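Q: Sequences listed follow chains A and B, in order. Going by our numbering, the first sequence opens with residue -16, and the numbers climb by one from there. Going by our numbering, the second sequence opens with residue 29, and the numbers climb by one from there.
Because the hints were derived from the structure by calculation, they are not lab data. Among the hints, a few may not be true.
Claimed, not checked - Okay, the calculated bits of chain A under chain B, using three or more residues with CB under 8 Å as the criterion:
#, region
1, 34 to 42
2, 50 to 62
3, 166 to 174
4, 216 to 223
5, 256 to 264
No experiment lies behind these values; they were computed from the predicted model shown. Quick reminder that beta carbons are idealized off the backbone N, C-alpha and C, glycines included.
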Amino acid sequence: MNPALLIILATIIFSAAVGIFAGRKVKMNLENWTVGGRRFGVVLIWLLMAGEIYTTFTFLGASGWAYSRGAPTFYILIYGTLAYTVSFFILPAVWKFGKRFGLHTQPDFFVRRYESRILGIMVAVIGVVSIIPYLQLQLTGLGFIVEVSSNGAIRSNVAILLAFVLTCAFVFTSGIRGAAWVSIIKDVLMIAAVAIVGIGVPRIYFGGHGRMFRALVESHPGHLVFPGATPNLDVVWVMTTALLTGLGFYMWPHVFGSAFSAKSAETIKKNAVIMPFYQIPILLVLMVGFTALLAIPGLKNGDMAFLELVNKTYPSWFMGFIGAAGAVTAMVPASVLVLFASTLLAKNIYKAGFAPQASEETVLRLSRLMVIVIMSFALLFAFYLPNALVNLLLIGYDGVTQFFPGVVLGLFWKGIKRRGVIWGLMTGFVLAAVLVFTKHDPFLGMNAGFVALVVNAAVTVAVSRFSGARAENQRQTA
Amino acid sequence: MPKGTKIALGLALIPFLMLVLALPFVNQVRPFVLGLPFLLFWIVLWIFLTPFILMAAYWAEKKLNKNGGQDRS
């Protein structure tokens, strides 16, 4: 048996076992399953959030962008930092609201704040539609990493199937607690992998990152300033994209929902302070991409840069370690994504739309069932139609960011009205979809989702004011 | 708005100014600093400083807001 294979299998099976074990002593109800009984301290919240943030995209996509596009990839460094800064102010308020009303999910927030079942269902549907392609991406990425790093010993589909079974098992039994515990393994492996490769390869090929960057500037003069190797991703695109993704980051239903599992508003605020340190490993990932551009130029698919370079540089057992880290890096975000998609479907769409009398136990039972159903969908897409959801993926971020005005103004502005949020959300979502699907992204150099967000905010405020004034008039004339 | 929150919001503007608005002015390769091309160095510098800025914001809220740093709900 080749050592890479052994390392990968041992790691993912061990991780899943830890995840299953995590929920062993907890009596499972909806509260414990989705938000961990609101008991996570600073360390566990940090690991969980970091666990969600670092996806397979970190390994493959960021280095791939560095390889094929250059400087525009720096937006990835920037937006996380902006997101944590925003979260310092909004997440503690979100948490308090959640604690006060016993909320579990993001649509719960909208239902409670705006007293609108319809708005909750809208938010839930946009959330689920945005999550599923993202979930599929994790599975596809996992299959790809494991197949390449085991040198074909584990076929992509076998790896995906195995990860599917293991992830379903620990989400089903332990809920968010399982995800948080597996995050510990994942974070350690991933940081070790990124540190070894990110510091290692510039040293091995150039004697240090300084020389590597100088060599890169010599051979590709424009690569390390905007717009890099792209025709249209110039500085305005980077600015608007960093803003869009920075503001939108905590609007992902699974990240928003994870905030509820903190044990206090204080915990979540402290977490926001230390999160930016977690951006530094991304710098190392980018360096791998840049080194690859010089060491192995001419790859057709930039996303292969990380794995190809490691393959060329290190022994095969080390590839097994990368494969293991990559696999767990896909499983953790996948587990949280599927957990919240399931709860959204069971609680905010099924119960809210069709069965208002359903008890918490019923919702939990249905949520657990939905874990398997949603994962199966993602699995089928990954197997048979790997590219079918690419378009949805494109607008995932643009879509969820449209929740931002409804969340933030809802927390801090008394004048906001349900009608304003509904109109703003619809306008923003439709505008983003139209711009992206008619190939108008970037629009006038700006990120299309950002344009939609600005229009959304303006509509939200304008309609809120208008309907506020009208309600006032009606009261006076009545 | 309590004074501590105001100061915290002011501090939180810094990452946005440095990592978004300043970008057109730092979009250059030279000089290299710590082996990084200037644009990348600038971004990494402010990412590294942001946790300290947020720490300051945290303390500002804690010390100056009367209710011991609990933001209004």
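Q: Are the hints correct? Go through all of them and say.
A: Hint by hint, here is what the structure shows:
no., hint, verdict
1, 34 to 42, "violated (count 0)"
2, 50 to 62, "holds (count 4)"
3, 166 to 174, "violated (count 0)"
4, 216 to 223, "holds (count 3)"
5, 256 to 264, "holds (count 7)"
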